[in-house]
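Residue numbers (the working numbering), protein chains in the order written: chain A, 1 to 401; chain B, 402 to 710.
Simulated from the structure, these hints should not be mistaken for lab results. Wrong hints could be hidden among the right ones.
Straight-line distance between alpha carbons at most 25 Å, and here's what the computed SDA-like set of lysine to any residue pairs gives [unchecked claim]:
1) A:K39 / B:G594
2) A:K39 / B:T702
3) B:K581 / A:T94
4) B:K436 / B:G594
5) A:K39 / B:R487
6) B:K436 / A:T94
7) B:K436 / A:L37
8) B:K436 / A:A158
9) A:K39 / B:F585
10) B:K436 / B:G665
11) A:K319 / B:K581
12) B:K436 / A:G328
13) A:K190 / B:R703
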Amino acid sequence: MLIDALLLQLGYNATLVAIGATLLGISAGVTGTFLFLRKRALVSDAISHATLPGVCIAFLLMASFGGDGRNLIGLLLGSAASASVGLWCLNWLTRNTRLAEDAAIGSVLSVFFGFGIVLLTVIQTLGVGRQAGLEGFLLGSTAGMLWADAMVIAVGGAVTLLLILLIRRPMTLVAFDPEYAAARGLPVSKIDMAMMGLVMAVTVVGLKIVGLILIVALLIIPAVTARFWTERSDYVVLLAGLAGGLSAYIGAAMSASAPNLPTGPIIVLVSFALFLFSLLFAPNRGVLAAVLRHFRFQRRVHLRQGLLALAQGQPIYEKLTLRLLRNGGLVRADGVATDKGKARAAKALRDERRWAVVRSDQAHEAAAALYDGLRQIESVLTQDQITEIDRQIGGPKEVLA
Amino acid sequence: MSGEEFVPLSLTPLLIGIFAAVACALPGNFLLLRKQALIGDAISHVVLPGIVVAFLLTGAISAAPMMLGAAGAAVVAVVLIEAIRRLGRIEPGAAMGVVFTTMFAGGVLLLEQTDTSSVHLDVEHALYGNLESLIWLDAVGWSSLLDVQALAHLPVELPRMALTLLAVTLFIAMFWRVLKISTFDEGFARTLGIRTNLLGLALVITAAVAAVAAFDAVGSIIVIAMFICPPAAARMMSNQLEGQVAWSVGFAVLSAVFGYVLAGYGPLWLGAQDAVSAAGMIATVSGVILAVAARFGPCRTRSGAPVGV
């Protein structure tokens with residue numbers, strides 16, 4: 001059943017939803033990346049909650065003029081209008097008052113959403129009839145989606161993607177270094193506005209599929225996921241689009257394959273699974289990589305300290321150190337150093353002495369700054385310099401037993 | 402309006418609304434100053450899976466396990482946010498966004514998967530509560546306030562909310578000095594020997610307790626609004642923490658009273674028949690108060706910032 005769904009074999013409607021969701025996921029992931037890099041991820045939360053009053057007002061207007069209140073384009077236009085009012089309030093509050101951005105986000109979010117709920121109850125009690133299924137906009141509902149609705153979503157997703165392609169370079173610059181962008185003469189506030197406009201477009205298009213409470217997840221989670229895998233912004237954008245599209249596609253297919261699987265939450269949970277995988281297993285930035293790096297570092301420190309102890313004839317009791325020395329064939333099972341161990345230990349001690357000279361000599365200041373107790377001195381100084389230092393130290397002396 | 406009508410139908414929801422608003426606004430002041438204002442938003446989203454899990458485990462709608470479940474979910478969320486922020490080296494806002502959306506999605510999915518049609522548990526209820534339904538049927542008028550028999554049938558939410566408010570007030574009164582110091586100058590607080598990490602966690606847990614209790618009675622939308630709007634409006638009115646807290650309590654009470662009255666009677670004045678959502682209206686009124694304060698409040702600009710820029 002799931003295989004059928006993934007291969008788009010579950011009928012016309014499910015296929016439409018899956019394609020629409022995938023396009024939406026891609027554009028949400030790509031847009032969200034800029035928002036995330038700009039460190040304004042939660043602004044999308046305010047924007048998405050601020051769409052609710054607009055949806056209700058649009059419904060009321062369309063119904064009172066005798067039209068069909070459920071016309072999707074009308075509802076989406078209404079939501080875009082109220083989201084931009086919310087965005088304007090948010091910017092005004094942060095620019096003109098002492099409130100920080102998070103407080104402004106929270107107040108816009110709660111007040112607009114509260115007002116939207118008031119309007120929802122008005123619609124319920126007015127008996128305009130047929131309930132309009134406006135609650136579907138809270139959590140998304142793809143059941144009974146019409147061809148026209150799916151087309152609106154697909155076209156909306158594609159247009160958003162196109163717009164991003166056009167202004168991605170200035171957006172990247174502003175996301176990384178707004179001051180530099182301003183110094184280059186870029187209109188930073190306008191680019192910020194464009195970025196927010198794109199977020200708004202994604203939110204509005206996604207209302208029908210994932211709903212206004214969860215659309216913010218599609219904007220944030222893929223971007224955070226992609227950030228684990230690369231340090232380059234253009235790759236982050238691509239990967240975020242990939243992660244967003246993939247989770248939206250799998251999520252839509254899964255929700256079509258069985259009853260009682262609402263599309264929005266499933267998409268969010270799939271993208272969280274991708275996030276979790278990246279958090280744990282991404283190279284370099286992932287948790288597993290960090291743990292491995294830690295253990296590697298720990299082994300190097302223990303080995304070095306063990307060799308220095310050997311060279312100075314001190315007894316070693318620490319278990320990890322002993323095991324490392326033994327595994328390296330540097331000491332015998334009874335703790336006595338082998339020939340190889342003696343040679344390595346003498347070298348370690350001599351290097352330590354060389355470093356001491358380097359660090360006390362002003363002429364070697366640059367090299368001395370690299371000292372961390374583990375670095376090979378050959379990787380910092382030339383053979384000639386080491387010979388010169390050895391001349392100052394004098395020849396090798398016998399190691400006391 | 403006569404006492405026979407007001408006491409049974411409006412007194413208890415009004416009081417519950419006021420208590421919930423103040424209980425959320427008090428810790429909200431400190432969260433706002435610590436730039437953690439959105440914690441309230443996150444907590445109110447993650448409470449849903451907690452309640453659903455509690456329902457699945459006990460199989461009944463009863464207050465105690467649900468409150469426990471909700472509080473547990475709030476703590477899990479706080480821990481998860483912190484873990485993701487540290488392990489993944491992600492900025493706190495994004496970490497919060499990842500956690501609360503995922504937990505909320507999980508809650509919705511669990512709710513859809515289980516058969517909750519026989520009980521009153523759905524997403525809409527969780528979002529905007531039903532303040533209007535918390536009526537006191539045994540009351541006949543103001544005299545009922547002295548009638549032990551009738552008082553025994555008060556909606557349980559009222560004493561629970563009052564207790565929560567008392568606990569929150571006590572926490573803030575007891576830790577006032579350390580909270581104030583650590584909010585404004587964390588480094589200095591640490592040199593004084595104040596354990597700022599523990600204190601911050603305690604503040605978040607207090608906020609979570611207030612949120613969960615209020616959530617049970619009035620829905621999450623009031624919780625989010627009351628955590629942020631009254632303190633934010635109060636911030637425009639005063640440069641003193643004492644003044645800010647006092648203003649925020651005043652604004653919270655004002656929002657609750659006006660919101661409730663407008664929701665209940667406003668539509669009637671306009672000629673409509675039915676009331677609108679009180680929770681939504683309370684949030685809307687608090688937004689209007691914030692808008693007025695942001696436009697005309699005496700301390701609305703950043704200190705040192707030139708006026709009119």
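Each hint tested on the structure:
Restraint check: the Cα-Cα separation between K39 (chain A) and G594 (chain B) comes to about 33 Å, which exceeds 25 Å; the hinted pair is violated. For the suggested pair K39 (chain A) and T702 (chain B), the alpha carbons sit about 24 Å apart, so the restraint of at most 25 Å is met. Using a Cα cut-off of 25 Å, the hinted pair K581 (chain B) and T94 (chain A) holds, with the two alpha carbons roughly 24 Å apart. Between K436 (chain B) and G594 (chain B) the CA atoms are separated by roughly 23 Å; this keeps the pair inside 25 Å, and the hint holds.
Between the alpha carbons of K39 (chain A) and R487 (chain B) the distance comes to roughly 16 Å, so the proposed pair stays at or under 25 Å and holds. Pair hint K436 (chain B) plus T94 (chain A) holds up; C-alpha atoms about 13 Å apart against a cutoff of 25 Å. Taking the CA atoms of K436 (chain B) and L37 (chain A), the gap is near 20 Å; set against the 25 Å cutoff, the hint holds. Of the supplied pair hints, the one linking K436 (chain B) and A158 (chain A) is violated, its CA atoms being roughly 37 Å apart against a limit of 25 Å.
With a C-alpha separation of about 24 Å, the suggested pair K39 (chain A) and F585 (chain B) falls inside the 25 Å cut-off, and the hint holds. Between the alpha carbons of K436 (chain B) and G665 (chain B) the distance comes to roughly 35 Å, so the proposed pair goes past 25 Å and is violated. In summary, the hint linking K319 (chain A) to K581 (chain B) is not supported, as the alpha carbons are separated by about 48 Å, beyond the 25 Å threshold. A C-alpha spacing of about 52 Å is found between K436 (chain B) and G328 (chain A), which places the hinted pair above 25 Å, so the restraint is violated.
Annotation: proposed proximity of K190 (chain A) to R703 (chain B) holds, straight-line Cα distance about 24 Å (limit 25 Å).
In terms of the numbered hints stated before, the structure departs from hints 1, 8, 10, 11, 12, listed from lowest to highest.
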